[in-house]
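Chemist: Start from chain D and add chain P according to the hints.
Chains as they are written, first to last, in this note's numbering: chain D, 8 to 285; chain P, 544 to 1113.
Hint data in this document are derived by calculation from the structure and do not stem from the laboratory. Treat the hints with caution; some may be incorrect.
Said to hold, decoys possible - Okay, derived cross-link-like pairs now, DSS-like style, lysine-lysine, Cα gap no bigger than 30 Å in a straight line:
# : chain 1 : residue 1 : chain 2 : residue 2
1 : P       : Lys-901   : P       : Lys-1018
2 : D       : Lys-227   : P       : Lys-1090
3 : P       : Lys-975   : P       : Lys-939
4 : P       : Lys-587   : D       : Lys-227
5 : P       : Lys-587   : D       : Lys-203
Stated by the list, open to error - Beta-carbon label-pair distances, calculated as ranges:
#  : chain 1 : residue 1 : chain 2 : residue 2 : range
6  : P       : Gln-607   : D       : Lys-252   : 38 to 46 Å
7  : D       : Leu-285   : P       : Gln-679   : 43 to 51 Å
8  : P       : Leu-1075  : D       : Cys-159   : 34 to 42 Å
9  : D       : Val-66    : P       : Gln-1056  : 51 to 59 Å
10 : D       : Lys-252   : P       : Gly-558   : 41 to 49 Å
11 : D       : Arg-212   : P       : Lys-718   : 40 to 48 Å
12 : D       : Ile-208   : P       : Lys-718   : 22 to 30 Å
13 : P       : Lys-1028  : D       : Arg-212   : 31 to 39 Å
14 : D       : His-216   : P       : Gln-959   : 15 to 23 Å
15 : D       : Leu-57    : P       : Lys-728   : 39 to 47 Å
Glycine residues also receive a C-beta, built at the ideal position from the N, C-alpha and C atoms.
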Amino acid sequence: MEKMMQKLSDNILDKLSMDFLRNQVLKNAYGNDDTFIAKLDPRVLLVWYLFFALVPWFVDRLPFLLGAFLLVAVTTVMARVAGLVLLLFVVGVFSQTGYLFVVSLLFGGNAETIVPLLILTLKVATVSLASVTVFSGLDPDRLSNGLMWFGCPERLSFSISYAYRMLPMLMEEFQNVLLSYRLRGNAPDSSGFTGKVRYLIYQIRVIIHAFYPLMLNTAKRSRTTVEALEIKGYRNAAVSPEVKKLKLASLKVGYDDMLFVAVSFLWMALTILATTIL
Amino acid sequence: MNVIEIRDLTYTYPGASRPTLDHLNLNVEKGDFLAIIGNNGCGKSTLCKTMNGLIPHFIAGEFQGSVLVDQQDTKTMDVGRIAGKVGYVYQDFENQIVRPTVLDDASYACMNYAMQDYLERGREALRQCGLEGREQEYIWQLSGGQTHLLALAGAVSLEPDVLILDEPIAQLDPKHADLIYGVLKNLNETWGKTIIVIEHHTEYIADYCHHVALLKDGHTEWVLPSDEALRRVEELQECNIFPPQVTIAAHQMKKEGMLAEDTVLPTTIEAGKKVFDRLLYRGEICTEWEAPGEKQKETESVVSFRKVSVSYRAVKGEAKQIFRNLNLEIKKGEKIALIGSNGAGKSTLMKLMTGLIKPSEGEILLKGKGIRDTKPEALSKMISLVYQNPEEMFIKDSIERDIAFAMEARNTENWQERTKALLEQFRLTELKDRDGRLLSGGQMRRASLAIGIALNPEILLLDEPTANLDIATRKEIMRTLNEMKDITETVLIATHDMQLVCEWAERIIVLCQGEVIADGSRNEIFGNRRVLELTGIRPPEIFDMGKVLNPGAFCYTIQEFRQQFGCGCL
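Chain D on its own, in the form it takes in the complex (with noise of 0.2 Å):
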């Protein structure tokens, strides 16, 4: 049992490296562009988005969510999304409102406090899977050309890109940083509960510390990446118009993406009958 334990912390504490994470974002960026989803028009794809983003909220039928959530979590299964993000979905859920659902049941809840929690409960995971699907299913760049084209400023879409461009790097460094101050720190005994608390401590506090040679770091680097950019021509690229025509004309609605999009109607219509009928 004992040993059971260690290994299961073990492997625990190893999900959290840095590593891991670093390597989950950019799965979950560019790992998966070869599915379907990801080969969408990501303008379809944001309407789509808007549709289960904010209907949901306003309609209260049982057959009807329960076909949304059906609909959106075969598409995240398609859109192959990495683990981490499941588990934080599942996470954020039930922190939501599965605990209410569990607590009600244990204080002898019946099917009526029960109904309008599990309703409430497929609105939330309804939405969030939607988001899961398209912001972690289509590529950074694709995503923010969608943005794009519906009128967000050229900035905010090379914001979202290059912050998938950095962040690896950034994690890689700030891994190295936190591995600096474990070799040369002290961390505390963590034998037994209080050791356990204090070993604790002293890993946020390395965390918080780690963050000043980090941010160092970075400006030190993004100095040379700001004057790559202005040769690049990227201040001229934010005011010109052709630039965007240049930037969207890559973007077309093709036969999949109309399949797609009638294969959602369809099914969503077949609920709808469902509702009324039932």
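Modeler: Here is chain P on its own, set in the frame of chain D:
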């Protein structure tokens, strides 16, 4: 025709008290392949930034005189127009890449300047830079050399007449360095580009560049054809520039009267063959010379790898295996160099020893004890790792506090005195209140070494201690490493720097794709053709020179060359 003309240029950075460039004149002819050399801080990078218009358009400061690019004054052009004429590749080129995929980055500038055929131009640039077929790859899939080529392609895509590269090969292994220079040569010869490089590696200047410009105190000392420039041995050494080893060797022998007074100093191995041809080889007769690796050693094993396997998570697809069933013994007191191309697993091997990475199979013993269940903190008293990138070792706001940090945390006895002693030993006392990040390359390196040995570890691991340094600073670090030999018992250095390997190491371990393919003294490694071909490592130039003259010769330093060939003429 001059493609760049600089007339009486004086430039002072904002806030600086002295001008960085001082009444500088320079003409660059169209189609030239020019190397700019000079001391650290003599204004090489600043000069290049005036040529691409970043100075004065982006970086302010006091600017007098004129810079003409293609007969036009840069002051009257905007940065975009100049970028179409002069391309620039930074020394820290990876920060110059702003897009996630290869083709995207190569065509990014063209798109920003609203060129309709931007993708086509990007593809063409990639083709010219030898990256054809990698268009859709993500930038983190590229090796260091390929990343550099991509940065170059980003500049080439705008079809400039002039390309400027700031120390293109400082971070690369010799194979990649050759690749870069091959591409530059092709751009110069086939596509008629004018190439300007800031370069410390004089061997490459001798092989590739047509002209050399020496900068000194912010002005141009002279511009000469490469051969002629590199023969000015004493003048160059005064400026902390080291001519090719063959040139230095011939220069010294000429002074000692072993070569005729009228000998023209060779700058390449090819030329050296003619000059040294008449020398007699007496390698075997020399008894005073003995390889350091053959000394008797203690046999106690401090680190052992037992059937170790390690794999990394990959962004896509299966985990990547770094080591499979690795076995390795490191004995007490050994001075080991770990070599192999980029990505062979050198850094991973070091991280395994410090406990930062756990093997998926097998075990690692430190002084006979398994380290699987030991925290890295507990190991750090015994083993210490100095990163390749010194910035990541600076976690406090002054190097004094950085050096003291580990000792303070452990309440080491007399840590104040020891910090003082370390500062003194590494010549950092005057800099002790400065933030490590703001020091020069050599100072940063010294500070990181001081941090590494603060806890007096029995085993010291150094990851590329001489990477990214100019040759003068490299010599300084090499001296420091030699001084440290007596302080730390067992030292392991991962490096591409073969001069360091030859002058310092007693045992050499060659890694190739996660396997130890050779392990032994320098004669065993560099005498083995198969190993050299398999890994692309290259011995110092003087070693090759010796081999050309006599296949049985093993000379790793200029001194050894002179001893083995210097006794007289036929």
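Chemist: For each hint, tell me whether it holds in the structure or not.
Modeler: Checked hints:
1. Restraint check for P:Lys-901 and P:Lys-1018: not satisfied, since their Cα atoms lie roughly 35 Å apart, outside the 30 Å limit.
2. The suggested pairing of D:Lys-227 with P:Lys-1090 is violated, with an alpha-carbon distance near 44 Å, which exceeds 30 Å.
3. Taking the CA atoms of P:Lys-975 and P:Lys-939, the gap is about 12 Å. The hint holds against a cut of 30 Å.
4. At most 30 Å may separate the alpha-carbon atoms for a hinted pair to count; P:Lys-587 and D:Lys-227 meet this at roughly 20 Å.
5. Distance restraint check for P:Lys-587 and D:Lys-203: the Cα-Cα separation of roughly 54 Å exceeds the 30 Å cut-off, and the hinted pair is therefore not satisfied.
6. Between P:Gln-607 and D:Lys-252 the beta carbons are some 42 Å apart, a value that agrees with the proposed interval 38 to 46 Å.
7. Take D:Leu-285 and P:Gln-679: their Cβ atoms lie about 49 Å apart, and the range 43 to 51 Å holds.
8. Between P:Leu-1075 and D:Cys-159 the C-beta distance comes to about 55 Å, which lies outside the given range of 34 to 42 Å.
9. The hinted window of 51 to 59 Å between D:Val-66 and P:Gln-1056 holds, with their beta carbons roughly 58 Å apart.
10. Taking 41 to 49 Å as the suggested C-beta distance range, the pair D:Lys-252 and P:Gly-558 conforms, at roughly 42 Å.
11. Range check, D:Arg-212 to P:Lys-718: about 44 Å between beta-carbon atoms, so the 40 to 48 Å window is met.
12. Take D:Ile-208 and P:Lys-718: their Cβ atoms lie about 48 Å apart, and the range 22 to 30 Å is violated.
13. Distance hint check: the CB atoms of P:Lys-1028 and D:Arg-212 are about 37 Å apart, consistent with the given range 31 to 39 Å.
14. Distance hint for D:His-216 and P:Gln-959: a CB-CB separation of about 22 Å, consistent with the stated range 15 to 23 Å.
15. For D:Leu-57 paired with P:Lys-728, a C-beta distance near 55 Å fails the hint of 39 to 47 Å.
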